[in-house]
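Quick note, the sequences are listed as chains A and B, same order. Just so we're aligned: the first sequence equals residues 1 to 217 in the numbering used here. Just so we're aligned: the second sequence equals residues 1 to 217 in the numbering used here.
These are calculated hints, taken from the structure and not from any lab test. Computed from a predicted model, the values in this text were never measured in an experiment. A virtual CB, placed ideally from N, CA and C, is assigned to each residue, including glycine. Warning: the hint list may mix true and false statements.
As the list claims (entries may be wrong) - Listing some non-contacts, in silico: residues in chain A with all C-beta distances to chain B over 10 angstroms:
1) 30
2) 71
3) 212
As the list claims (entries may be wrong) - Pairs of lysine to aspartate or glutamate, EDC-like flavour, derived with a Cα cap of 16 angstroms:
4) A:35 x A:85
5) A:35 x B:201
6) A:2 x A:84
7) B:60 x B:42
8) B:163 x B:177
9) A:3 x A:59
10) B:35 x B:157
11) B:35 x A:126
12) B:2 x B:84
13) B:35 x B:116
14) B:200 x A:58
15) A:3 x A:162
16) A:60 x B:58
17) A:148 x A:177
18) B:60 x A:201
19) A:79 x A:44
20) B:2 x B:58
21) A:60 x B:59
22) B:60 x A:126
23) A:200 x A:215
24) A:200 x B:207
Said to hold, decoys possible - Some chain A residues close to chain B (C-beta under 8 angstroms, calculated; not the full set):
25) 11
26) 54
27) 55
28) 64
29) 75
30) 195
31) 217
There are 2 protein chains.
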Amino acid sequence: MKKIGVLLAGCGKNDGSEIHESVLTLLSIDRANAKAVCMAPDMDQLHVINHLTGMETEEKRNVLVESARIARGEITDIKNITAEDIDALVIPGGAGSIKNLSNYAIKGTGASVNHEVLRLINEMSDKAKPIGAICIAPATLTKALSSKNPEVTVGNDISSAEKIEAMGGRHKICTVDNIHIDKNNRLVSTPAYMLGPGIKDISIGIEKLINQIIDMI
Amino acid sequence: MKKIGVLLAGCGKNDGSEIHESVLTLLSIDRANAKAVCMAPDMDQLHVINHLTGMETEEKRNVLVESARIARGEITDIKNITAEDIDALVIPGGAGSIKNLSNYAIKGTGASVNHEVLRLINEMSDKAKPIGAICIAPATLTKALSSKNPEVTVGNDISSAEKIEAMGGRHKICTVDNIHIDKNNRLVSTPAYMLGPGIKDISIGIEKLINQIIDMI
């Protein structure tokens with residue numbers, strides 16, 4: 001059974017992994033008869049957002065602990081995962097993918113990537129194992145692989161596209177029901193909620209991404 | 001566009017709504033070209049469980065605020081929703097459906113149902129509008145409609161089935177890829193993670209439940 005790493009960043013679109021994108025990732029992996037290996041960094045979230053009001057709260061939450069909600073408890077600290085353990089890696093979107101996995105949301109093109117995330121992405125790339133990134137997660141992926149000029153999509157958002165190019169990436173416009181493939185770097189990306197509009201729309205691109213990733217293994 | 005109320009109970013299988021079941025509910029509603037109307041009670045959760053360790057924490061979290069993570073912020077306090085506003089109601093499972101929407105998890109057959117949940121379920125039933133319940137949520141639904149002898153499934157768990165019968169319900173065994181329909185009371189239920197084993201399995205029963213509910217409108 002092919003093992004697909006799913007790198008989570010919390011639980012909620014404003015401070016963690018986007019929940020719909022993460023669950024649809026797990027659904028597509030299971031439907032493809034592959035096994036999801038969920039993981040997240042054991043660290044405090046950048047912050048906690050009340051998703052009803054959109055306002056920051058005083059709480060502290062841990063990325064691994066909150067990601068465990070999406071993973072139904074079956075999750076591992078990313079520090080214990082190497083590229084030997086998985087056949088591919090997928091990073092769902094949500095603000096956590098650029099607030100916790102990297103600090104792109106704060107620092108923009110000057111972002112740094114969490115050191116365990118940076119390590120695993122580069123291990124995967126060095127072994128030519130495929131990596132998928134959904135929604136805004138390609139920004140963190142681009143920063144992690146900037147020396148390889150990764151070609152990704154975040155949909156059609158000009159500001160994000162310009163930042164990706166400034167970080168050494170190449171941005172391609174893509175619709176929500178489709179994927180962009182960087183054959184040289186073995187990367188697959190899809191815009192998902194960067195474009196929306198709804199869950200049925202994003203499910204099409206995410207299913208294509210997972211099936212493509214699995215075909216590349 | 002048909003409007004399907006989705007009654008959430010937090011965000012996470014151990015103290016809120018089961019995330020996969022909730023997201024698959026939203027996916028099936030959108031794919032059926034209906035509109036999801038997410039709602040939850042504005043109240044403290046019974047407790048907060050660390051989903052990595054399974055242990056209770058000292059935190060306090062609000063059911064409506066945490067449910068907003070699954071609903072991407074588009075959610076209403078259940079007290080502002082009446083049976084006039086929706087064509088059907090669906091209750092995803094997870095421990096929150098029996099810890100927050102009722103106290104069945106603590107009190108068993110002597111449970112009481114949150115007063116707004118009790119009101120809305122009975123309004124829907126009085127208007128013969130269909131109600132769906134997933135996983136363990138049929139326990140709360142049975143308590144709310146006990147005088148009408150609701151016929152539901154929670155899979156094949158004997159202890160839960162006996163409690164449902166003791167609360168005035170009738171329990172039917174059902175597989176994860178199927179639904180049970182109570183035609184008289186216009187109720188539909190599916191076992192989901194009461195049986196599992198995986199997300200692709202539960203997605204089949206949940207999709208059937210949503211399509212059946214929409215056919216009954």
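Evaluation of the provided hints:
no.: 1; hint: 30; verdict: violated, 4 angstroms
no.: 2; hint: 71; verdict: violated, 8 angstroms
no.: 3; hint: 212; verdict: holds, 18 angstroms
no.: 4; hint: A:35 x A:85; verdict: holds, 12 angstroms
no.: 5; hint: A:35 x B:201; verdict: holds, 14 angstroms
no.: 6; hint: A:2 x A:84; verdict: holds, 12 angstroms
no.: 7; hint: B:60 x B:42; verdict: holds, 13 angstroms
no.: 8; hint: B:163 x B:177; verdict: violated, 23 angstroms
no.: 9; hint: A:3 x A:59; verdict: violated, 34 angstroms
no.: 10; hint: B:35 x B:157; verdict: violated, 33 angstroms
no.: 11; hint: B:35 x A:126; verdict: violated, 45 angstroms
no.: 12; hint: B:2 x B:84; verdict: holds, 12 angstroms
no.: 13; hint: B:35 x B:116; verdict: violated, 22 angstroms
no.: 14; hint: B:200 x A:58; verdict: violated, 37 angstroms
no.: 15; hint: A:3 x A:162; verdict: violated, 34 angstroms
no.: 16; hint: A:60 x B:58; verdict: holds, 12 angstroms
no.: 17; hint: A:148 x A:177; verdict: violated, 26 angstroms
no.: 18; hint: B:60 x A:201; verdict: violated, 35 angstroms
no.: 19; hint: A:79 x A:44; verdict: holds, 15 angstroms
no.: 20; hint: B:2 x B:58; verdict: violated, 41 angstroms
no.: 21; hint: A:60 x B:59; verdict: holds, 10 angstroms
no.: 22; hint: B:60 x A:126; verdict: violated, 44 angstroms
no.: 23; hint: A:200 x A:215; verdict: violated, 23 angstroms
no.: 24; hint: A:200 x B:207; verdict: holds, 13 angstroms
no.: 25; hint: 11; verdict: holds, 6 angstroms
no.: 26; hint: 54; verdict: holds, 7 angstroms
no.: 27; hint: 55; verdict: violated, 10 angstroms
no.: 28; hint: 64; verdict: holds, 6 angstroms
no.: 29; hint: 75; verdict: holds, 7 angstroms
no.: 30; hint: 195; verdict: violated, 14 angstroms
no.: 31; hint: 217; verdict: violated, 19 angstroms
Checked against the numbered hints above, the structure breaks hints 1, 2, 8, 9, 10, 11, 13, 14, 15, 17, 18, 20, 22, 23, 27, 30 and 31 and satisfies the rest.
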